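Peer 1: As given, the protein sequences belong to chains L and Y, one line each in that order.
Here the first sequence stands for residues 103 to 237, numbered as in our numbering.
Here the second sequence stands for residues -6 to 141, numbered as in our numbering.
If you are wondering where the hints come from, they were derived from the structure by calculation, not from laboratory data.
The structure presented is a predicted model; accordingly, all values stated were derived computationally and were not measured.
The reader is advised that the hints may include incorrect statements.
To be verified - Here are some of the chain L residues that sit facing chain Y, going by a computed Cβ distance under 10 Å:
id	residue
1	Ile111
2	Arg115
3	His155
4	Gly173
5	Tyr181
6	Gly229
Unchecked claim - Straight line, CA to CA, 25 Å or less: simulated SDA-like cross-link-like pairs of lysine to any residue:
id	chain 1	residue 1	chain 2	residue 2
7	Y	Lys17	L	Asn135
8	L	Lys230	L	Ala113
9	Y	Lys17	Y	Ala40
10	Y	Lys17	L	Gly182
11	L	Lys204	Y	Thr28
12	Y	Lys17	L	Phe134
13	L	Lys230	Y	Thr87
14	L	Lys230	Y	Gly138
15	Y	Lys17	L	Arg215
16	Y	Lys17	L	Val205
17	Y	Lys17	L	Gly172
18	L	Lys230	Y	Val35
19	L	Lys230	L	Arg215
20	L	Lys230	L	Val205
21	L	Lys230	Y	Gly93
22	L	Lys204	Y	Gly138
23	L	Lys204	Y	Pro30
24	L	Lys230	Y	His79
Claimed, not checked - Between beta-carbon pairs, the in silico distance windows are:
id	chain 1	residue 1	chain 2	residue 2	range
25	Y	Val108	L	Asn135	20 to 28 Å
26	Y	Glu36	L	Gly148	47 to 55 Å
27	L	Asp141	Y	Val35	38 to 46 Å
Every residue gets a Cβ at the ideal spot worked out from N, C-alpha and C, and that includes glycine.
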Amino acid sequence: MTDLQLGQIVAERDVHLTRDSLARYAGASGDFNPIHLRDDIAQSVGLPGVIAHGMLTMGLAIQPVIEWLGGDARRILDYGVRFTRPVVVDPVDGADVHIEAKVGALDDPAGIRIDLTVTAAGQTVLGKAQVRIAP
Amino acid sequence: MPVNLDLAGRTYPPTEPYLVGREKVREFADAVFATSPLSFDVEAARAAGYADLVAPPTFAVVIQGRTWDHLIGDPEAGIELSRVLHGEQRFSATRPIVAGDELTAALTVTQVRAVGGNTMVTAETVITDADGEHVVTATSVLVAGADA
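Just chain L, with the same shape it has in the complex (with noise of 0.2 Å):
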């Protein structure tokens, strides 16, 4: 850790979304909200269609820097994000995000931030996607 550079990529991670991966998340985490469930509903409220749970989104971006941090989330003080944009899942291809996890600060005497871009279909979907862990 003492090593880091500000910027540094410290993980990266493709996720490939289906529909299934809704339905799972859905039950594991009881939000059965229909919009993550059904297009027409999805579009009853102006979505093209079914969308990922914002919280799925948030709970896979933050998997790599677990990982990173050797398996071990116990160093991670903070993890906050602003759902910025839907990740559509279409029921055939599915949708692919993408996850980039660098340095953002390193002056924090509170710990080490990184910033987590996440990206589906070439968009940014979570804003101020940070983690903050201790030093």
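With the hints as your guide, set chain Y onto chain L.
Peer 2: Just chain Y, lined up with the frame of chain L:
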């Protein structure tokens, strides 16, 4: 009915204790594409100094969700679920959640403000263990539409 702007400062009673199950941790870890053996293999978790399987950081939303029911279900709050978007989410942890934890959660509305045509409601859920010790605080910003 519009969102009640006097909601700020309101605290709802704590939820009934939620017992974190080992299989629930595995199921949730699987659903968020976790790879850490600490979420799947009890021996690995114990070797790392935990009592049991370690839940991913966002697992707290499962317990937090129960406190949202208080807020949405409060007729005085004026928050209609079908008109609410999840704008922001944050978890501030003292320690990870571990299988076997008995967790209690209480939600406080910390801020209500009108932004453009929407109302932004900030709700802070404090999650504590059976000893009353802080585990994690889950904070959400909910965006309620103007014509709600």
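Peer 1: Now look at each hint and say whether the structure bears it out.
Peer 2: Hints, one by one, checked against the model:
At a threshold of 10 Å, the smallest CB-CB gap from L:Ile111 to chain Y is about 18 Å, leaving the interface hint violated. Here the hint on L:Arg115 is kept, as its CB sits about 8 Å from the closest CB of chain Y, short of 10 Å. Interface restraint check: L:His155 against chain Y, minimum CB-CB distance 9 Å, threshold 10 Å, status holds. Of the supplied interface hints, the one on L:Gly173 holds, with its beta-carbon coming within about 4 Å of a beta-carbon of chain Y, less than 10 Å.
Taking 10 Å as the C-beta contact cut-off toward chain Y, the hint placing L:Tyr181 at the interface holds, the least distance being around 5 Å. Restraint check, L:Gly229 versus chain Y: the minimum CB separation of about 9 Å is within 10 Å; hint holds. Distance hint between Y:Lys17 and L:Asn135 is fulfilled; the C-alpha atoms sit about 20 Å from each other, no more than 25 Å. Annotation: proposed proximity of L:Lys230 to L:Ala113 holds, straight-line Cα distance about 17 Å (limit 25 Å).
Proposed proximity of Y:Lys17 and Y:Ala40 is supported: the alpha carbons are some 21 Å apart, at most 25 Å. Pair hint Y:Lys17 plus L:Gly182 holds up; C-alpha atoms about 23 Å apart against a cutoff of 25 Å. Restraint check: the Cα-Cα separation between L:Lys204 and Y:Thr28 comes to about 20 Å, which is no more than 25 Å; the hinted pair holds. About 16 Å separates the Cα atoms of Y:Lys17 and L:Phe134, which keeps this hinted pair within 25 Å; it holds.
For the hint linking L:Lys230 to Y:Thr87, the alpha-carbon distance of about 22 Å falls within 25 Å, and the restraint holds. Between L:Lys230 and Y:Gly138 the alpha-carbon distance is near 23 Å, which keeps this suggested pair within the 25 Å criterion. Restraint check for Y:Lys17 and L:Arg215: the C-alpha separation of about 30 Å exceeds 25 Å, so the hint is violated. Our distance criterion of 25 Å between C-alpha atoms is broken by Y:Lys17 and L:Val205, whose separation comes to about 32 Å.
Restraint check: the Cα-Cα separation between Y:Lys17 and L:Gly172 comes to about 22 Å, which is no more than 25 Å; the hinted pair holds. With a CA separation close to 34 Å, the supplied pair L:Lys230 and Y:Val35 exceeds the 25 Å bound. For the given pair, L:Lys230 sits about 11 Å from L:Arg215 by alpha-carbon distance, which is consistent with the 25 Å threshold. With a CA separation close to 13 Å, the supplied pair L:Lys230 and L:Val205 stays within the 25 Å bound.
With a C-alpha separation of about 33 Å, the suggested pair L:Lys230 and Y:Gly93 falls outside the 25 Å cut-off, and the hint is violated. A threshold of 25 Å between alpha carbons decides the hint, and for L:Lys204 with Y:Gly138 the separation of about 35 Å lies outside it, so the pair is violated. The straight-line distance between the Cα atoms of L:Lys204 and Y:Pro30 is roughly 23 Å, inside the 25 Å bound, and the hint therefore holds. For the hint pairing L:Lys230 with Y:His79, the CA-to-CA distance comes to about 15 Å; that is within 25 Å, so the pair holds.
Checked against the hint of 20 to 28 Å, the C-beta distance between Y:Val108 and L:Asn135 comes to roughly 23 Å, which is consistent with it. A hinted range of 47 to 55 Å for the beta carbons of Y:Glu36 and L:Gly148 is consistent with their spacing of about 49 Å. Hint check: L:Asp141 to Y:Val35, Cβ distance near 40 Å, so the stated range 38 to 46 Å holds.
Checked against the numbered hints above, the structure violates hints 1, 15, 16, 18, 21, 22; every other hint is satisfied.
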